[in-house]
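Trainee: First to last, the sequence lines map onto chains A and B.
For what it's worth, the working numbering labels the leading residue of the first sequence as 1, then goes sequentially.
For what it's worth, the working numbering labels the leading residue of the second sequence as 410, then goes sequentially.
In case anyone wonders, no lab produced these hints; they're calculated from the structure.
Among these hints, one or two may not hold up.
Here are some chain A residues the structure puts well away from chain B; computed CB gaps all over 12 Å [stated by the list, open to error]:
{"#": "1", "residue": "36"}
{"#": "2", "residue": "54"}
{"#": "3", "residue": "256"}
{"#": "4", "residue": "263"}
{"#": "5", "residue": "382"}
{"#": "6", "residue": "398"}
Result set (DSS-like, lysine-lysine): computed pairs, CA atoms no more than 30 Å apart in a straight line [to be verified]:
{"#": "7", "chain 1": "A", "residue 1": "92", "chain 2": "A", "residue 2": "29"}
{"#": "8", "chain 1": "B", "residue 1": "530", "chain 2": "A", "residue 2": "382"}
{"#": "9", "chain 1": "A", "residue 1": "92", "chain 2": "A", "residue 2": "112"}
{"#": "10", "chain 1": "A", "residue 1": "282", "chain 2": "B", "residue 2": "501"}
{"#": "11", "chain 1": "A", "residue 1": "112", "chain 2": "A", "residue 2": "235"}
{"#": "12", "chain 1": "B", "residue 1": "807", "chain 2": "A", "residue 2": "282"}
{"#": "13", "chain 1": "B", "residue 1": "521", "chain 2": "A", "residue 2": "282"}
{"#": "14", "chain 1": "B", "residue 1": "691", "chain 2": "A", "residue 2": "217"}
{"#": "15", "chain 1": "A", "residue 1": "222", "chain 2": "B", "residue 2": "807"}
{"#": "16", "chain 1": "A", "residue 1": "398", "chain 2": "B", "residue 2": "626"}
{"#": "17", "chain 1": "A", "residue 1": "217", "chain 2": "B", "residue 2": "791"}
{"#": "18", "chain 1": "A", "residue 1": "382", "chain 2": "B", "residue 2": "626"}
{"#": "19", "chain 1": "B", "residue 1": "521", "chain 2": "A", "residue 2": "240"}
{"#": "20", "chain 1": "B", "residue 1": "530", "chain 2": "A", "residue 2": "282"}
{"#": "21", "chain 1": "A", "residue 1": "134", "chain 2": "B", "residue 2": "626"}
{"#": "22", "chain 1": "A", "residue 1": "217", "chain 2": "B", "residue 2": "807"}
{"#": "23", "chain 1": "A", "residue 1": "282", "chain 2": "B", "residue 2": "691"}
{"#": "24", "chain 1": "B", "residue 1": "626", "chain 2": "B", "residue 2": "791"}
{"#": "25", "chain 1": "A", "residue 1": "134", "chain 2": "A", "residue 2": "29"}
{"#": "26", "chain 1": "A", "residue 1": "50", "chain 2": "A", "residue 2": "24"}
{"#": "27", "chain 1": "B", "residue 1": "644", "chain 2": "A", "residue 2": "229"}
{"#": "28", "chain 1": "B", "residue 1": "521", "chain 2": "B", "residue 2": "791"}
{"#": "29", "chain 1": "A", "residue 1": "398", "chain 2": "B", "residue 2": "459"}
{"#": "30", "chain 1": "B", "residue 1": "631", "chain 2": "B", "residue 2": "649"}
{"#": "31", "chain 1": "A", "residue 1": "382", "chain 2": "A", "residue 2": "217"}
{"#": "32", "chain 1": "B", "residue 1": "433", "chain 2": "B", "residue 2": "501"}
{"#": "33", "chain 1": "B", "residue 1": "631", "chain 2": "A", "residue 2": "282"}
{"#": "34", "chain 1": "B", "residue 1": "631", "chain 2": "B", "residue 2": "644"}
{"#": "35", "chain 1": "A", "residue 1": "235", "chain 2": "B", "residue 2": "579"}
{"#": "36", "chain 1": "B", "residue 1": "691", "chain 2": "A", "residue 2": "240"}
{"#": "37", "chain 1": "B", "residue 1": "691", "chain 2": "A", "residue 2": "222"}
{"#": "38", "chain 1": "A", "residue 1": "327", "chain 2": "A", "residue 2": "24"}
{"#": "39", "chain 1": "A", "residue 1": "170", "chain 2": "A", "residue 2": "121"}
{"#": "40", "chain 1": "B", "residue 1": "626", "chain 2": "B", "residue 2": "638"}
These figures come from a predicted structure and were not determined experimentally.
Glycine residues also receive a C-beta, built at the ideal position from the N, C-alpha and C atoms.
Protein chains: 2
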Amino acid sequence: MRDINVAVVGIGARGHGNLETILKLPAIKVKAVCDIYEDRCQDGIDIVTKSGQEAPFASCDYRDVISRDDVEAVLIFTNWEVHIEIAIASMKAGKAVGMEVGGACSIEECLKLVACYEETKMPFMMLENCCFGKDELLALNMVRDGLFGDIVHCHGAYAHDLREEICCGKENRHYRLEHYINRNCENYPTHELGPIAKILDINRGNRMVRLVSMASKSMGLKRYVDDRKDTIVNKDLIGKEFNQGDIVNTLITCANGETISIKLDTTLPRSYSRELAVRGTKGLYEQSTNTVFLDGDKELFETKEYYKDTIDNAAKYEDEYLPDYWKNITQEEIDMGHGGMDIFSFTAFFNALRENRPMPIDVYDAASWMCITALSEESIAKGNIPIEIPDFTNGAWKTRPRFDEYQNI
Amino acid sequence: MRDINVAVVGIGARGHGNLETILKLPAIKVKAVCDIYEDRCQDGIDIVTKSGQEAPFASCDYRDVISRDDVEAVLIFTNWEVHIEIAIASMKAGKAVGMEVGGACSIEECLKLVACYEETKMPFMMLENCCFGKDELLALNMVRDGLFGDIVHCHGAYAHDLREEICCGKENRHYRLEHYINRNCENYPTHELGPIAKILDINRGNRMVRLVSMASKSMGLKRYVDDRKDTIVNKDLIGKEFNQGDIVNTLITCANGETISIKLDTTLPRSYSRELAVRGTKGLYEQSTNTVFLDGDKELFETKEYYKDTIDNAAKYEDEYLPDYWKNITQEEIDMGHGGMDIFSFTAFFNALRENRPMPIDVYDAASWMCITALSEESIAKGNIPIEIPDFTNGAWKTRPRFDEYQNI
Numbered sequence: 001m002r003d004i005n006v007a008v009v010g011i012g013a014r015g016h017g018n019l020e021t022i023l024k025l026p027a028i029k030v031k032a033v034c035d036i037y038e039d040r041c042q043d044g045i046d047i048v049t050k051s052g053q054e055a056p057f058a059s060c061d062y063r064d065v066i067s068r069d070d071v072e073a074v075l076i077f078t079n080w081e082v083h084i085e086i087a088i089a090s091m092k093a094g095k096a097v098g099m100e101v102g103g104a105c106s107i108e109e110c111l112k113l114v115a116c117y118e119e120t121k122m123p124f125m126m127l128e129n130c131c132f133g134k135d136e137l138l139a140l141n142m143v144r145d146g147l148f149g150d151i152v153h154c155h156g157a158y159a160h161d162l163r164e165e166i167c168c169g170k171e172n173r174h175y176r177l178e179h180y181i182n183r184n185c186e187n188y189p190t191h192e193l194g195p196i197a198k199i200l201d202i203n204r205g206n207r208m209v210r211l212v213s214m215a216s217k218s219m220g221l222k223r224y225v226d227d228r229k230d231t232i233v234n235k236d237l238i239g240k241e242f243n244q245g246d247i248v249n250t251l252i253t254c255a256n257g258e259t260i261s262i263k264l265d266t267t268l269p270r271s272y273s274r275e276l277a278v279r280g281t282k283g284l285y286e287q288s289t290n291t292v293f294l295d296g297d298k299e300l301f302e303t304k305e306y307y308k309d310t311i312d313n314a315a316k317y318e319d320e321y322l323p324d325y326w327k328n329i330t331q332e333e334i335d336m337g338h339g340g341m342d343i344f345s346f347t348a349f350f351n352a353l354r355e356n357r358p359m360p361i362d363v364y365d366a367a368s369w370m371c372i373t374a375l376s377e378e379s380i381a382k383g384n385i386p387i388e389i390p391d392f393t394n395g396a397w398k399t400r401p402r403f404d405e406y407q408n409i
Numbered sequence: 410m411r412d413i414n415v416a417v418v419g420i421g422a423r424g425h426g427n428l429e430t431i432l433k434l435p436a437i438k439v440k441a442v443c444d445i446y447e448d449r450c451q452d453g454i455d456i457v458t459k460s461g462q463e464a465p466f467a468s469c470d471y472r473d474v475i476s477r478d479d480v481e482a483v484l485i486f487t488n489w490e491v492h493i494e495i496a497i498a499s500m501k502a503g504k505a506v507g508m509e510v511g512g513a514c515s516i517e518e519c520l521k522l523v524a525c526y527e528e529t530k531m532p533f534m535m536l537e538n539c540c541f542g543k544d545e546l547l548a549l550n551m552v553r554d555g556l557f558g559d560i561v562h563c564h565g566a567y568a569h570d571l572r573e574e575i576c577c578g579k580e581n582r583h584y585r586l587e588h589y590i591n592r593n594c595e596n597y598p599t600h601e602l603g604p605i606a607k608i609l610d611i612n613r614g615n616r617m618v619r620l621v622s623m624a625s626k627s628m629g630l631k632r633y634v635d636d637r638k639d640t641i642v643n644k645d646l647i648g649k650e651f652n653q654g655d656i657v658n659t660l661i662t663c664a665n666g667e668t669i670s671i672k673l674d675t676t677l678p679r680s681y682s683r684e685l686a687v688r689g690t691k692g693l694y695e696q697s698t699n700t701v702f703l704d705g706d707k708e709l710f711e712t713k714e715y716y717k718d719t720i721d722n723a724a725k726y727e728d729e730y731l732p733d734y735w736k737n738i739t740q741e742e743i744d745m746g747h748g749g750m751d752i753f754s755f756t757a758f759f760n761a762l763r764e765n766r767p768m769p770i771d772v773y774d775a776a777s778w779m780c781i782t783a784l785s786e787e788s789i790a791k792g793n794i795p796i797e798i799p800d801f802t803n804g805a806w807k808t809r810p811r812f813d814e815y816q817n818i
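Chain A extracted, bound-state conformation:
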């Protein structure tokens, strides 16, 4: 197995964890680290040396690290707004790119990302770890086996109470805070949309053609701050109005007639969920109740208070439908982040790069998933009007073949 030399750009909370994770992978050498803050650069150096590797080059300017001859791949873990800018600069510098998830600020940057890839053909992957999620792959493989018949609708959510993280944004130099103050959109669509797009063959025989978005009022953060006036560190937030609606629902229609509903749900009290639901003519998968319901099971579930029954039977399908790496997951892998998804996502990237295989999640995926943020913002700002979704494949979606091998890391 040959070494891959990488540069890591962005060493905030997520970058810190990701850097630790990739250093546990075989034959990955971190040659350079970068963050706009010097203390984070030092943190990056410390993590690398603690792992036993040589001290990496460090800079606060990403242009210094992406141009180095000893770097083959750039991993981008920065704030959302500069993901695409750094990805483009890296590809132009002849580097492979692994880019963390986030929404796009404009359609233009998505178009530029695609154009840059088509010009440079440098390997590019969006590191959407939820595409390697256990439930998501279980659902995908059940779909592919025809268990649910023709798929007509999928639902997902990013449902995660982030109030504390958002309100500590200034102290933690975290970018989410400014997004919640200034924007109002589906700001984080890819965790749920990515796996759904794979299920629905988006950009490979299908595409998303139109969306509408609607945002609720913004009350969650305001009330959260009101209730913590004495203890909150950032006093600027007291009395602050936030633009971001608490719940943003987005409906998407696909070229082949399927619909997708996704929900941003990050500023009200709740437990975490991605709410994946797959609906077909022969059955369904529902993550929030851990249910597989197949046509003909009707009698089993129609009890007197049947609408309360959580079936909780999905586990019995794991033997048949889970990839081996999920069946054989180790405690170490689980501990590497998000229950195992992180390590599988990185492994998929590095293996594809090393073996010169197509990337699991490519620029067309990235552009079409990320653009939902910018388009939802427009739909909401203009009173929930429908917005056309660009075809980033320039018509190639009609003939691009399905690519399920992505799940074989």
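Let chain A serve as the given structure and place chain B on it in line with the hints.
Mentor: Relative to the frame of chain A, chain B by itself:
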């Protein structure tokens, strides 16, 4: 307790059951029955006489029964399309009206319903039994107590696999079949929207201002028929295209900034659910997982696979928040239909009529809930454009007081 003499119009499956139910109520006399089919009229006569009451007058023309001097109230259990027509004729004939649920075919008929009520002031109630549902009232009373803080979003669904019923529409003379062949809309919004509208004070301090709807492709009924070519009775359905999308999602925004999402989900395999979810700044109620989650419970629920935990703790709130009639429900009441909701709904209607109290679900409720069907049809037909929702109160929503007494039957 004085007698109330009623006429029953519409004695199909639902009318048959409802007729049996109301005959078990004290002091309700069925003086007239009506259906466009003679055999159903005879069925109505038989049900009434079997209960021990005198044989009612019967006619296939509703105008004959609503004009009778011995009738005080008309109960309308017909197909959806003529609900409002018969309600208007009955009010004009000086009768109180109890009308079964369904969607409207046009905004015009909703406006006419309101105008007729304002002219005649005859008591009118839409018999939305789910407003008397156990879960729905539990949620309402928790909301009113402030348990969830400020409410910002509600979700609901009519999720009920009706494929068999729809495909037997010709044999059973059931109207749903023609709707599914010809229309494409949120055809049955009130079961979930009614309770949500009560929670959000719609027409009483708040109103629904705008919606967008999106329909998936229509595959469920087609595949259902394909798989049953040999056994299906109505051979006309073989190869038939249905207009109605399998899943219709509708997003609604309210004057006070709350959003509502509702889902029609009736032609794919699944178990029944209304999916009521209420989201506030301090907590949530979620029917599908039977969960009450309050701010501060976070640690309790964040286990390693926390997104799979069904909390299933709502029952512990019943002592404090359920109306007495739900706490003391008898097996007989449960057996009277839909687990008890039906009898509570009828009791509420008859008690309000007898005691000359305001009706629990009035024409403004009915018009604003039913109109969603016609408006969703327009949104879908025009490519998911936003549609303004009429204010049927003509501005009175701003000052009409909350009316929670409706739940005290």
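Trainee: All the hints need checking, so say for each whether the structure fits it.
Mentor: Cross-check of the supplied hints:
no., hint, verdict
1, 36, "31 Å, holds"
2, 54, "35 Å, holds"
3, 256, "7 Å, violated"
4, 263, "8 Å, violated"
5, 382, "9 Å, violated"
6, 398, "18 Å, holds"
7, A:92 <-> A:29, "22 Å, holds"
8, B:530 <-> A:382, "40 Å, violated"
9, A:92 <-> A:112, "12 Å, holds"
10, A:282 <-> B:501, "48 Å, violated"
11, A:112 <-> A:235, "39 Å, violated"
12, B:807 <-> A:282, "47 Å, violated"
13, B:521 <-> A:282, "42 Å, violated"
14, B:691 <-> A:217, "15 Å, holds"
15, A:222 <-> B:807, "25 Å, holds"
16, A:398 <-> B:626, "19 Å, holds"
17, A:217 <-> B:791, "26 Å, holds"
18, A:382 <-> B:626, "26 Å, holds"
19, B:521 <-> A:240, "46 Å, violated"
20, B:530 <-> A:282, "49 Å, violated"
21, A:134 <-> B:626, "28 Å, holds"
22, A:217 <-> B:807, "19 Å, holds"
23, A:282 <-> B:691, "39 Å, violated"
24, B:626 <-> B:791, "15 Å, holds"
25, A:134 <-> A:29, "28 Å, holds"
26, A:50 <-> A:24, "12 Å, holds"
27, B:644 <-> A:229, "69 Å, violated"
28, B:521 <-> B:791, "25 Å, holds"
29, A:398 <-> B:459, "65 Å, violated"
30, B:631 <-> B:649, "7 Å, holds"
31, A:382 <-> A:217, "15 Å, holds"
32, B:433 <-> B:501, "29 Å, holds"
33, B:631 <-> A:282, "12 Å, holds"
34, B:631 <-> B:644, "13 Å, holds"
35, A:235 <-> B:579, "67 Å, violated"
36, B:691 <-> A:240, "19 Å, holds"
37, B:691 <-> A:222, "12 Å, holds"
38, A:327 <-> A:24, "21 Å, holds"
39, A:170 <-> A:121, "38 Å, violated"
40, B:626 <-> B:638, "21 Å, holds"
This entry does not satisfy hints 3, 4, 5, 8, 10, 11, 12, 13, 19, 20, 23, 27, 29, 35, 39, going by the numbered hints stated previously.
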